[in-house]
Amino acid sequence: MDWNFIIFSLVKLAIIVGVVQGLVAYSVLAERKISAWIQDRVGPNRCAPPFAKYIPVLGPLLTRWGMFQPLADGLKFMFKEDFTPAGVKKIYFFLAPAIAVIPAMLTVAVIPFGSVMGNQKMVLADLNVGILYTFGIVSMGVYGIVLAGYAANSKYPMFGGIRSSAQMISYEIAMGMSVIPVLLIVGNLNLGKIISWQADHGWLVMYAPIAFVIFMVSSFAETNRTPFDLPEAETELVGGYHTEYGSMKFALFFLAEYSNMVSSSAMMVTLFFGGWTLPFWGLDHAATSLGMGIAHILVFLVKMLFFMVVFIWVRWMFPRFRYDQLMDLGWRTFLPLALVNILITALWLWMRS
Amino acid sequence: MAITVDRKPLTFWEKLYLPAIIGGIKVTTKHAWNTLVKGKVVTMEYPEQKWTVPDHYRGAPYLVKDQEGHTKCVSCQLCEFVCPPKAIRITPPGDAGAKADRTNAEKMPAEFEINMLRCIYCGFCQEVCPEEAIFLQKDYSLVGTSRAEMIYNKEKLLSLGGVSPGIQKWKLKLDEAKAQENFPVKL
Numbered sequence: 007m008d009w010n011f012i013i014f015s016l017v018k019l020a021i022i023v024g025v026v027q028g029l030v031a032y033s034v035l036a037e038r039k040i041s042a043w044i045q046d047r048v049g050p051n052r053c054a055p056p057f058a059k060y061i062p063v064l065g066p067l068l069t070r071w072g073m074f075q076p077l078a079d080g081l082k083f084m085f086k087e088d089f090t091p092a093g094v095k096k097i098y099f100f101l102a103p104a105i106a107v108i109p110a111m112l113t114v115a116v117i118p119f120g121s122v123m124g125n126q127k128m129v130l131a132d133l134n135v136g137i138l139y140t141f142g143i144v145s146m147g148v149y150g151i152v153l154a155g156y157a158a159n160s161k162y163p164m165f166g167g168i169r170s171s172a173q174m175i176s177y178e179i180a181m182g183m184s185v186i187p188v189l190l191i192v193g194n195l196n197l198g199k200i201i202s203w204q205a206d207h208g209w210l211v212m213y214a215p216i217a218f219v220i221f222m223v224s225s226f227a228e229t230n231r232t233p234f235d236l237p238e239a240e241t242e243l244v245g246g247y248h249t250e251y252g253s254m255k256f257a258l259f260f261l262a263e264y265s266n267m268v269s270s271s272a273m274m275v276t277l278f279f280g281g282w283t284l285p286f287w288g289l290d291h292a293a294t295s296l297g298m299g300i301a302h303i304l305v306f307l308v309k310m311l312f313f314m315v316v317f318i319w320v321r322w323m324f325p326r327f328r329y330d331q332l333m334d335l336g337w338r339t340f341l342p343l344a345l346v347n348i349l350i351t352a353l354w355l356w357m358r359s
Numbered sequence: 127m128a129i130t131v132d133r134k135p136l137t138f139w140e141k142l143y144l145p146a147i148i149g150g151i152k153v154t155t156k157h158a159w160n161t162l163v164k165g166k167v168v169t170m171e172y173p174e175q176k177w178t179v180p181d182h183y184r185g186a187p188y189l190v191k192d193q194e195g196h197t198k199c200v201s202c203q204l205c206e207f208v209c210p211p212k213a214i215r216i217t218p219p220g221d222a223g224a225k226a227d228r229t230n231a232e233k234m235p236a237e238f239e240i241n242m243l244r245c246i247y248c249g250f251c252q253e254v255c256p257e258e259a260i261f262l263q264k265d266y267s268l269v270g271t272s273r274a275e276m277i278y279n280k281e282k283l284l285s286l287g288g289v290s291p292g293i294q295k296w297k298l299k300l301d302e303a304k305a306q307e308n309f310p311v312k313l
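Just so you know, the sequences run in chain order A and B.
Quick note on the numbering used here: the first sequence kicks off at 7 and runs consecutively.
Quick note on the numbering used here: the second sequence kicks off at 127 and runs consecutively.
Hints were generated in silico from the structure; no laboratory data involved.
Be aware that one or more of the hints could be misleading.
[Unchecked claim] Per label pair, the in silico range of CB-to-CB distance:
| no. | chain 1 | residue 1 | chain 2 | residue 2 | range |
| --- | --- | --- | --- | --- | --- |
| 1 | A | Ala-58 | B | Val-163 | 21 to 29 Å |
| 2 | A | Pro-56 | B | Leu-136 | 36 to 44 Å |
| 3 | A | Phe-89 | B | Gly-292 | 52 to 60 Å |
| 4 | A | Tyr-329 | B | Gln-252 | 56 to 64 Å |
| 5 | B | Arg-244 | A | Pro-56 | 32 to 40 Å |
| 6 | A | Phe-312 | B | Asp-181 | 27 to 35 Å |
| 7 | B | Glu-275 | A | Phe-85 | 41 to 49 Å |
| 8 | B | Lys-134 | A | Leu-19 | 51 to 59 Å |
| 9 | B | Tyr-266 | A | Leu-64 | 33 to 41 Å |
| 10 | A | Pro-285 | B | Ala-128 | 38 to 46 Å |
| 11 | A | Ala-58 | B | Gly-249 | 41 to 49 Å |
| 12 | B | Cys-248 | A | Tyr-60 | 43 to 51 Å |
| 13 | A | Ser-359 | B | Lys-164 | 53 to 61 Å |
[What the hints assert, rightly or not] Some chain A residues flagged as far from chain B (calculated, every beta-carbon gap over 10 Å):
| no. | residue |
| --- | --- |
| 14 | Ile-13 |
| 15 | Val-25 |
| 16 | Gln-27 |
| 17 | Ile-40 |
| 18 | Ile-44 |
| 19 | Val-48 |
| 20 | Ala-54 |
| 21 | Pro-91 |
| 22 | Met-123 |
| 23 | Trp-203 |
| 24 | Ile-303 |
If you're wondering where the values come from, they're calculated on a predicted model, not measured in any experiment.
Glycine included, each C-beta is placed from N, C-alpha and C at the ideal position.
Bound-form chain A, shown alone (with noise of 0.2 Å):
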């Protein structure tokens, strides 16, 4: 037994999760603050703990900025009455928050988030394979949602299931299909090496920018975001898969979506933006010092904010689709496109050698 190996990735875990769990949190009260921000209004800036105006001038301007929020939303989440409604399949309505939560947490194992700091690797698995590990845990997250809409045995909550589960799945075919021209130009699937290549490169997004494209707008079909959040339709479908849930089950529902947010904000930035690189100020390469390293992490976190950002905005700016121009976008339009697109660089890179 390695126990180095052990402590060390218990530690990476432990910070991992709660750093995850910390943006969701954040995450959401973003959401409502660039919400307000969009729709002229103020957003959340009442919510404070009794001991915040006892500090003199970072309480109230932390609660003007509503930084308290997040504490509240979750308090209430546990306190409120975990209801079970009559006419539930009880195990399948247990079981189907955790099946939603576990990919969502999963998925940001094989993201490298920072270089090295001292000789720890910055990445909670180094998997050679890390692209298909991430597509393999993302395509279990639908299974979370469909049994949801399932277990719930009420009408809305089945419609949203199918809709997630036939847009999830088509998605899924795009989303894949759009990262194999950056695997043919890096001809790796780690994504650590991936990082080293651009680092030496330049970023794959100057390289393949359709891919980006594709890659992106899947990925906000895939967490179920507008303008394409079929699923949680609120004005459709009352409240979609969760319509039946409350309490803290909502809670695990809701920090799935988050989660998933963050994790595909991170791979994009990991696949196309040069992960926790920098091309100057000597960025570039693995941190020899402390500083560096947690230099490398800002750098990564600041380019995974931006698209957390950009989640967010897309948002409060498009309507929903419509369920044939959503299938009409997937199927017919970014399946072919990423085709072509794999067909263009192949021959690019034969022409090249």
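Based on the hints, put chain B in the right spot on chain A.
Okay, now just chain B, sitting in the frame of chain A:
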């Protein structure tokens, strides 16, 4: 009968969703800029900022004093009688009670209670009052921690009500009478 709406087929650019995307970015950034940088917000942060209510607003009914600080109410109990939800309750002074603290009035109420939880702000009390002693004023957020606290007594109603804005009916009458007394009778 169903009406078929003619829809123009989309142009190539529109099919790419690009004009829609650019339009969306434009509109959202404009609004975010206006809120964040220029501070143009439609939200009214309620307890700190409040609506200015219109002049004819019907808020909570309070008792008013006249310009000399005397109680205008003469305990006639018309408002108590007319009040549809029976929110007003007047205790008359009785034979041994205190007399009115102004001229031209016999009595004033020993106690005057309005249950603000029952009051429906209809304004009948104001309409029926012969002395113009009760007015619906502009308060609309009455808060209390118990039911008992929401029953406002005479003292509270008078202090909240302030001074009557209207004319002093009885003062004019008094002046008139005095003028008549002093009328120089020429024989």
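Please test the hint of 27 to 35 Å on the beta carbon pair from Phe-312(A) and Asp-181(B).
The hint (27 to 35 Å, Cβ to Cβ) is violated, given that Phe-312(A) and Asp-181(B) are roughly 52 Å apart.
Does the Cβ pair Ala-58(A), Val-163(B) satisfy 21 to 29 Å?
holds, 27 Å
Is the Cβ of Val-48(A) more than 10 Å away from each Cβ in chain B?
violated, 4 Å
Distance restraint evaluation - Ala-58(A), Gly-249(B), Cβ atoms, bounds 41 to 49 Å
Taking Cβ atoms as reference, Ala-58(A) and Gly-249(B) lie about 43 Å apart, which means the hint holds.
Does 53 to 61 Å hold as the CB distance between Ser-359(A) and Lys-164(B), or does it fail?
holds, 56 Å
Since Ile-13(A) was said not to touch the interface, does its Cβ keep a gap of more than 10 Å from each Cβ of chain B?
The claim holds: Ile-13(A) sits with its nearest Cβ about 45 Å from chain B, beyond 10 Å.
Between the beta carbons of Lys-134(B) and Leu-19(A), is the distance compatible with 51 to 59 Å?
holds, 56 Å
Minimum Cβ-Cβ distance from Ala-54(A) to chain B exceeds 10 Å:
Non-interface label on Ala-54(A) holds, nearest chain B Cβ at 14 Å vs cutoff 10 Å.
Okay, Pro-56(A) versus Leu-136(B) on CB: inside 36 to 44 Å?
violated, 56 Å
With 10 Å as the threshold, tell me whether Ile-40(A) passes as away from chain B on beta-carbon distances.
violated, 7 Å
Distance rule for Trp-203(A), whose beta carbon must clear each one in chain B by more than 10 Å:
holds, 30 Å
Confirm or reject the statement that Met-123(A) sits farther than 10 Å, beta carbon to beta carbon, from all of chain B.
Since the minimum Cβ distance to chain B is about 36 Å, Met-123(A) lies beyond 10 Å and the statement holds.
When held up to the earlier numbered hints, the structure conflicts with 2, 6, 7, 10, 17, 18 and 19 and fits the remainder.
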